[in-house]
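Protein chains in written order, with our numbering: chain R, 14 to 408; chain B, 14 to 408.
Treat the hints as calculated values from the structure; they're not laboratory data. Some hints could be false.
One copy or any two copies: either way a pair holds, since identical chains are not told apart in the list.
Straight-line distance between alpha carbons at most 25 Å, and here's what the computed BS3-like set of lysine-lysine pairs gives [what the hints assert, rightly or not]:
| # | residue 1 | residue 2 |
| --- | --- | --- |
| 1 | LYS353 | LYS73 |
| 2 | LYS66 | LYS353 |
| 3 | LYS265 | LYS151 |
| 4 | LYS352 | LYS66 |
| 5 | LYS296 | LYS66 |
| 6 | LYS78 | LYS210 |
| 7 | LYS265 | LYS99 |
| 8 | LYS371 | LYS401 |
| 9 | LYS73 | LYS213 |
| 10 | LYS136 | LYS353 |
| 11 | LYS144 | LYS260 |
| 12 | LYS144 | LYS265 |
| 13 | LYS82 | LYS210 |
| 14 | LYS296 | LYS151 |
Protein chains: 2
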Amino acid sequence: MYKIIETLEGVCAAEGFFADGVSAGLKSNNAKDMAFIYSEEECEVASVFTTNKMYAAPIKHFRAKGEFKTNFILINSKNANAMTGKLGVEDIDEVLNALVSTCQEIINPLMSSTGVIGVRLPKQKIIEGTKLFDLSVKEPISAAKAIMTTDTFSKTISFKVELEDGSSFNIGAMAKGAGMINPAMATMLCFITTDAKVSKSVMQEILDEVVVNTFNAISVDGDTSTNDTVLLLANAKSNAFNRAAFKEALFKVMHFLALEMVRDGEGATKLVTYNVTGARDNKEAEVVAKALSDSLLVKTALFGEDPNWGRIASTVGAAGVEAYEESLSISFDELCVYKKGELLFNEAMEVKAAAIMKLPRFTISCDLGIADGSFTAYGCDLGYEYVKINADYRT
Amino acid sequence: MYKIIETLEGVCAAEGFFADGVSAGLKSNNAKDMAFIYSEEECEVASVFTTNKMYAAPIKHFRAKGEFKTNFILINSKNANAMTGKLGVEDIDEVLNALVSTCQEIINPLMSSTGVIGVRLPKQKIIEGTKLFDLSVKEPISAAKAIMTTDTFSKTISFKVELEDGSSFNIGAMAKGAGMINPAMATMLCFITTDAKVSKSVMQEILDEVVVNTFNAISVDGDTSTNDTVLLLANAKSNAFNRAAFKEALFKVMHFLALEMVRDGEGATKLVTYNVTGARDNKEAEVVAKALSDSLLVKTALFGEDPNWGRIASTVGAAGVEAYEESLSISFDELCVYKKGELLFNEAMEVKAAAIMKLPRFTISCDLGIADGSFTAYGCDLGYEYVKINADYRT
Numbered sequence: 014m015y016k017i018i019e020t021l022e023g024v025c026a027a028e029g030f031f032a033d034g035v036s037a038g039l040k041s042n043n044a045k046d047m048a049f050i051y052s053e054e055e056c057e058v059a060s061v062f063t064t065n066k067m068y069a070a071p072i073k074h075f076r077a078k079g080e081f082k083t084n085f086i087l088i089n090s091k092n093a094n095a096m097t098g099k100l101g102v103e104d105i106d107e108v109l110n111a112l113v114s115t116c117q118e119i120i121n122p123l124m125s126s127t128g129v130i131g132v133r134l135p136k137q138k139i140i141e142g143t144k145l146f147d148l149s150v151k152e153p154i155s156a157a158k159a160i161m162t163t164d165t166f167s168k169t170i171s172f173k174v175e176l177e178d179g180s181s182f183n184i185g186a187m188a189k190g191a192g193m194i195n196p197a198m199a200t201m202l203c204f205i206t207t208d209a210k211v212s213k214s215v216m217q218e219i220l221d222e223v224v225v226n227t228f229n230a231i232s233v234d235g236d237t238s239t240n241d242t243v244l245l246l247a248n249a250k251s252n253a254f255n256r257a258a259f260k261e262a263l264f265k266v267m268h269f270l271a272l273e274m275v276r277d278g279e280g281a282t283k284l285v286t287y288n289v290t291g292a293r294d295n296k297e298a299e300v301v302a303k304a305l306s307d308s309l310l311v312k313t314a315l316f317g318e319d320p321n322w323g324r325i326a327s328t329v330g331a332a333g334v335e336a337y338e339e340s341l342s343i344s345f346d347e348l349c350v351y352k353k354g355e356l357l358f359n360e361a362m363e364v365k366a367a368a369i370m371k372l373p374r375f376t377i378s379c380d381l382g383i384a385d386g387s388f389t390a391y392g393c394d395l396g397y398e399y400v401k402i403n404a405d406y407r408t
Numbered sequence: 014m015y016k017i018i019e020t021l022e023g024v025c026a027a028e029g030f031f032a033d034g035v036s037a038g039l040k041s042n043n044a045k046d047m048a049f050i051y052s053e054e055e056c057e058v059a060s061v062f063t064t065n066k067m068y069a070a071p072i073k074h075f076r077a078k079g080e081f082k083t084n085f086i087l088i089n090s091k092n093a094n095a096m097t098g099k100l101g102v103e104d105i106d107e108v109l110n111a112l113v114s115t116c117q118e119i120i121n122p123l124m125s126s127t128g129v130i131g132v133r134l135p136k137q138k139i140i141e142g143t144k145l146f147d148l149s150v151k152e153p154i155s156a157a158k159a160i161m162t163t164d165t166f167s168k169t170i171s172f173k174v175e176l177e178d179g180s181s182f183n184i185g186a187m188a189k190g191a192g193m194i195n196p197a198m199a200t201m202l203c204f205i206t207t208d209a210k211v212s213k214s215v216m217q218e219i220l221d222e223v224v225v226n227t228f229n230a231i232s233v234d235g236d237t238s239t240n241d242t243v244l245l246l247a248n249a250k251s252n253a254f255n256r257a258a259f260k261e262a263l264f265k266v267m268h269f270l271a272l273e274m275v276r277d278g279e280g281a282t283k284l285v286t287y288n289v290t291g292a293r294d295n296k297e298a299e300v301v302a303k304a305l306s307d308s309l310l311v312k313t314a315l316f317g318e319d320p321n322w323g324r325i326a327s328t329v330g331a332a333g334v335e336a337y338e339e340s341l342s343i344s345f346d347e348l349c350v351y352k353k354g355e356l357l358f359n360e361a362m363e364v365k366a367a368a369i370m371k372l373p374r375f376t377i378s379c380d381l382g383i384a385d386g387s388f389t390a391y392g393c394d395l396g397y398e399y400v401k402i403n404a405d406y407r408t
């Protein structure tokens, strides 16, 4: 057996990791806009990237590296370095070469970017910014703030895992993301650090498993970005590992951060869990759950706190999977509003359902009544604020 | 050769067709809420319905009829008669039986409904409403108004087709639709009448061909409704027909009405044509064109009149089809803003692009630069008004 205990140090929870955020003048008002994560030992790296075919320069740069260990990630906000072609990759080389030449401790640094698409990196500002880094500092919140774009709060978490033999390891992470979220992956970045002694291949395997029900189960707007990145760095400093415990702790980290992104969904006022059961198989349940979390009509009904179950039924029917009016049931939390072809809805039920919809967090369950397929997705509502943020993002 | 001339009589343009709208008290303020289309001759019927698995009672009722000719369609707004199970179909039978018993001229009437999902039809009001119908009246605009829901204007069109031999026929239509529009089909209804002498099978074949690039090429919000219906009635009164002319006229009718729906998209301020070329095949071009017209980030950028071509590139990349940064080109009308990996965009170009985006109608072209696949889709922007309309639709 093992114990998983929440700690407060984010990406600095794992032994030997340092992080901070600085202001390089990319954002206005001297807000922090560049962060680093540094490990005093070289790390194995596992990664998941966007499925967007227009994947950004940092992802091209990473993929071109082949096998390597690293001890440093440089992250900037305000510019995504996407759709910038070969020049975008050359810009990264130039920035990282400057960094290595001024700082001998840094080995094989990675770069990660988020912000506007289609604009060259402001290289000089970034190179100047790296001179403000102090690699002996542990400021995980400052780092998490520096990578925010439309996020309204920073997103970090960490756990200490105590194993039966008395050994222990740590795992911590920071993430950003609030819009262009439909991870497969989305305009999200997540950096996870651990001192567990875990091989690259095992770590990659576990990361691939965990991403399915965490980042790949959320949606803010159904748009998959060019820059989505999850990087997991392990420096083995603890000398401890247990696969089940590691997987559970990693799930807790990624699940928490995934829901934090939805909770911070642009203009969102509620976090909704879509619990789909009774589908022909898990894949069909996933299609339905994601159709619900992406439906504009469902999202605006949520914003209006209108228990419009008809839109939910219509979205299930339009999802392109096996579904029948006669076998479908729909509930808001525990309140069943439609049951296998029976119109249960009346005024008293509407009052109860409307009260549930005023909660900041609730569950919409759809039982398709066919077989055992199930999937849980997470989404939010869409209101005026989403339009405001996205009608004028670049200015 | 033949000539196609626009006329002004909508569904009453074809000889022998009558139509009107009345107020049965379903909408507030005595607004018209029930319409009929009546033909003095029995008609062959061709049809296209929603692909939504939760298709509404009127569609079940239609499909249960088998082979038949009809001379009457009863249409109500304000209630979709969807998710109402067997009772919903029985309600239709009851209404139509009452109608036939009071009016001997009516043969095999059809019913079509649009409005809120999941509420039983107000049968008595509807039966009382049918008593206000005068089958000798030709009021196509009044009928078109009666079937509106969130539409802000009525949608009708008609053409006279003059053939080389001196014969002629007419084709006219009315439609409704402004939201829940992602026709495959969508919360749209379209009723087309013709006096052409055309067989049921030929008419169905042509209708199926034409729907692909008209109603199935538009999107307001990516939500496919339970009630989408296109009905085409032909009474053969003109005794004239020419397949090419008929198809061209039908395309003109359906294309016009499809664009009218997008122009009336809930809260929409612009109608945008997405012209995708250079895809691996037509199907992949269609996927990209529809991804663009459905993307929330593209739609909100349109609303903000922000020439954010990066979001367009990102949406192309996320569409799941073959696409390369190095072969993609993007234009706003004639203005190319990104060309095969080259960042053309600068401040002068931004000013020009922003001016194009202020137009009520413009084209966004994406050449994927791979092969010859092409597709044109139509969409609109998404602003505060969309949220307002849909956050509180039922009240």
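We went through each hint and held it up to the structure:
no.	hint	verdict
1	LYS353 - LYS73	between (50 Å within a copy, 17 Å between copies)
2	LYS66 - LYS353	between (41 Å within a copy, 14 Å between copies)
3	LYS265 - LYS151	within (22 Å within a copy, 67 Å between copies)
4	LYS352 - LYS66	between (42 Å within a copy, 17 Å between copies)
5	LYS296 - LYS66	both (23 Å within a copy, 18 Å between copies)
6	LYS78 - LYS210	within (23 Å within a copy, 69 Å between copies)
7	LYS265 - LYS99	neither (37 Å within a copy, 46 Å between copies)
8	LYS371 - LYS401	both (22 Å within a copy, 17 Å between copies)
9	LYS73 - LYS213	within (20 Å within a copy, 56 Å between copies)
10	LYS136 - LYS353	between (60 Å within a copy, 23 Å between copies)
11	LYS144 - LYS260	neither (37 Å within a copy, 69 Å between copies)
12	LYS144 - LYS265	neither (35 Å within a copy, 64 Å between copies)
13	LYS82 - LYS210	within (14 Å within a copy, 76 Å between copies)
14	LYS296 - LYS151	neither (42 Å within a copy, 52 Å between copies)
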